[in-house]
Amino acid sequence: MNTGLPGTGIGGLFYMISVVVMIFMEIKDIILRRKNGNSKAIVTEQSIIIVLLVAAIFATNIFFSKYVFKKPPIYLAVNANFGEKTSYIILNYPILVPLFLLIVVLFFTQLMYFYLKPSKK
Amino acid sequence: MKNQISDLTVIVPAYNEEKSILDTLESIKNQTVKPKKIIVVDDHSTDRTAEVARKAGVTVFETPINTGSKAGAQNYALRQTTTKFVMALDADTTMDRYAVEKLLEAFKDENTAAACGFVIPRFVNTIWERGRYIEYLIAFTYYKPIQEYFGKPLISSGCFSMYRTRFLKESNGWPTRTMAEDMDLTWSFHKKKFNVRFIPEAVCYPIEPQNFTFMKKQLIRWSHGFVQNLMLHWKDVLAVPYLNFIIAVMTWDSIVASIMYLFVIPIFSVIFKSPYLLLLFIIDAPIVFIPVFLRGLKRKELLKVVFSFPSFFILRIVNAIFIMEAYWTEIILKKRLTQYEKGH
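If you read the sequences in order, they're chains D and S. So the first sequence is numbered by full-length UniProt numbering: it starts at 1 and just counts up by one. So the second sequence is numbered by full-length UniProt numbering: it starts at 1 and just counts up by one.
So that you can see chain S by itself, here it is in the shape it has in the complex:
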């Protein structure tokens, strides 16, 4: 399928992405299988995003007002999408040149609604990027292939996924009712018994939050997004085999383990003067290291893996704080997060 044009539209939602969007558009143009159309949706940016995109020779839609979310921006272009397949690609994300070709193969099955790939942070320098790097290596090496085997990838990543346009339009596009539209859409597809696929050979490289300020915005959005989707879908996903178990296990861990990490372990180690209890924070380090090491070996990035590994444990504590905040705010205080703030 080399140098072919596919029946595909790539939608790139963008808000103040003048610095990164050119790399994204170049990576689309360098695909072995090219899309028929590339649409950048400039969601009322205050910088030169639209101008940069136009100079790159792609179609640019400028929204009259900010749509309020990435999903809103994507839906703005979806209305005018007539190709058989549509892809959503974040404006700070580049792709491996075989990504489109690999994802398209998943759609040979007429029941496939969405396909996603392997995600690796483009830059791995700061403690936050390093922690996120290890997280992705674990998720996309260990968890996701197993989910794929059982036909239930948990999320078709919002930064980089391909969809069958008809199914997406029948679902009224990307939902804007939660902070995690990718999770909402994926779980909805599973409920409708569509196939959602994970294709590890299709690789993308997003820019991850480089400092705590931006990491905090992203984690707030992701954490609230998870809780919102849980509240929205929990009754229906109980009937989806295997997905129900994945979500149940995740929910349990996100609540119980976070409480243990943030409160039980530190308090008990003080009360019972048992410093050994603090070892529970890192006791799974050898276990976590295995899939990360194997993937690092495959990617010839062993040194990067070793230096990034400790950052995972720092980020884990931060993740626990934000998921607890999300549960507390969304469920106990009944204050729903509706303001969409991107990670950078």
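Isolated chain D (complex conformation):
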């Protein structure tokens, strides 16, 4: 299976949230003085990646609103025609839409697990 499939953004967001969880787990291990092998290196590298990813998302947002649509995002959300509203969707797509979809997908997955669990016994 290749990772070059198109995405709706939930994949990238899932892994970004995973890195945030990793950071909290590392902090917990440091506080509890637990040895955790070389996981610190993975967490550090992935943290750098997601900081840069978030910066890239903001930079994309600013670029499109300032130079492509030439309107602030809030204007496009409220006082705009349909064509302009699609611009708003594009601007905010990287975060809002994937976040909503991710919550739905993960919730549905857990639901499926609880639903099927009794029948496996």
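Please note that the accuracy of each hint is not assured.
Below are the PhoX-like pairs computed for lysine-lysine, each with C-alpha atoms no more than 20 Å apart in a straight line [stated by the list, open to error]:
{"no.": "1", "chain 1": "S", "residue 1": "LYS55", "chain 2": "S", "residue 2": "LYS34"}
{"no.": "2", "chain 1": "D", "residue 1": "LYS117", "chain 2": "S", "residue 2": "LYS192"}
{"no.": "3", "chain 1": "D", "residue 1": "LYS117", "chain 2": "S", "residue 2": "LYS55"}
{"no.": "4", "chain 1": "D", "residue 1": "LYS40", "chain 2": "S", "residue 2": "LYS298"}
{"no.": "5", "chain 1": "S", "residue 1": "LYS193", "chain 2": "D", "residue 2": "LYS117"}
Listed next, the stretches of chain D that the computed footprint assigns to chain S, with coverage defined by at least 3 CB atoms under 8 Å from CB atoms of chain S [claimed, not checked]:
{"no.": "6", "region": "6-18"}
{"no.": "7", "region": "50-58"}
{"no.": "8", "region": "101-110"}
Hints listed in this document are in silico derivations from the structure and should not be mistaken for laboratory results. A virtual CB, placed ideally from N, CA and C, is assigned to each residue, including glycine.
Since chain D is already given, all that's left is putting chain S on it; use the hints.
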């Protein structure tokens, strides 16, 4: 662990690989930690694969008839494998000389069933190889290390993985029931609560499809393999924490995003005369570029990354077409792909 002999057998399944197998065997022999045995399984080739392998001084098994798949060829040798560890290496794949040493370290934990490494295309020239190069950089720089942290690498790559022989034999070897035996085996190991590890320091270099004809064969196999594994494992993997989420997210994206890419975005941009919608095809370019750029910087391959980057988006559209075809054929038409065709 320099210049040691490990309790390891390397199995190299091969079908018409006379041109590439010598490089593969040389890379095995150049390892800092050498295997006890190298077995080439010539799966009824029509070229001189067996002869080339014998001249290289390795054990060659020739199957009486073609086994029909790479897994079949590997299982042919597994029956006679008695070493503690066994490695499967594609006949078109070479390894970094520390690869075996690095993978063996993962097996200090007695619960480790499989370990895989970083995959980089050996040649990066054509549009297809370049697209695949970027795909691997993203996967092995961003996704896989995170999966490794949570103990759930999604796939122990079939082209280059090491296994604890006992666990592999208890699982009846490499499964032949799907087109993606590596995915099937990895998910089965996770279900049994064995460790599967990703070791990024162990690097291999497979030959990727150079033209569309061969890329198409590989993508058909991979896409159908994913759908087949989904249908086979979905109920059981729901109970595997984190892996369930990875697969759910992948499934969602593979269906919804592919439909959006192939139909919704183009059609809506025409209907609503909004060319801005077409930007959705590449709006994630800066985001995709980050892990790729960082890995390219580390590998001192920035120019290669920059020139290869646009190919990723072309290959992405092609991937979407084939995954949709796989869902349609396997689930809607209920026509199962059983013919294994290698990518080159």
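Against the structure, the hints come out as follows:
1. About 19 Å separates the Cα atoms of LYS55 of chain S and LYS34 of chain S, which keeps this hinted pair within 20 Å; it holds.
2. For the hint pairing LYS117 of chain D with LYS192 of chain S, the CA-to-CA distance comes to about 17 Å; that is within 20 Å, so the pair holds.
3. Note on LYS117 of chain D and LYS55 of chain S: the hinted pairing is violated, with a Cα-Cα distance of about 56 Å set against a maximum of 20 Å.
4. Note on LYS40 of chain D and LYS298 of chain S: the hinted pairing holds, with a Cα-Cα distance of about 18 Å set against a maximum of 20 Å.
5. Taken as a hint, the LYS193 of chain S and LYS117 of chain D pair is honoured in the structure, with Cα atoms around 18 Å apart against an allowance of 20 Å.
6. Judged by the Cβ-Cβ criterion of 8 Å, the region 6-18 of chain D is covered by chain S as claimed, because 10 of its residues qualify and three suffice.
7. Counting residues of the region 50-58 of chain D whose beta-carbon sits less than 8 Å from any beta-carbon of chain S gives 4, enough to reach three: the coverage restraint holds.
8. Judged by the Cβ-Cβ criterion of 8 Å, the region 101-110 of chain D is covered by chain S as claimed, because 6 of its residues qualify and three suffice.
This entry does not satisfy hint 3, going by the numbered hints stated previously; all others are met.
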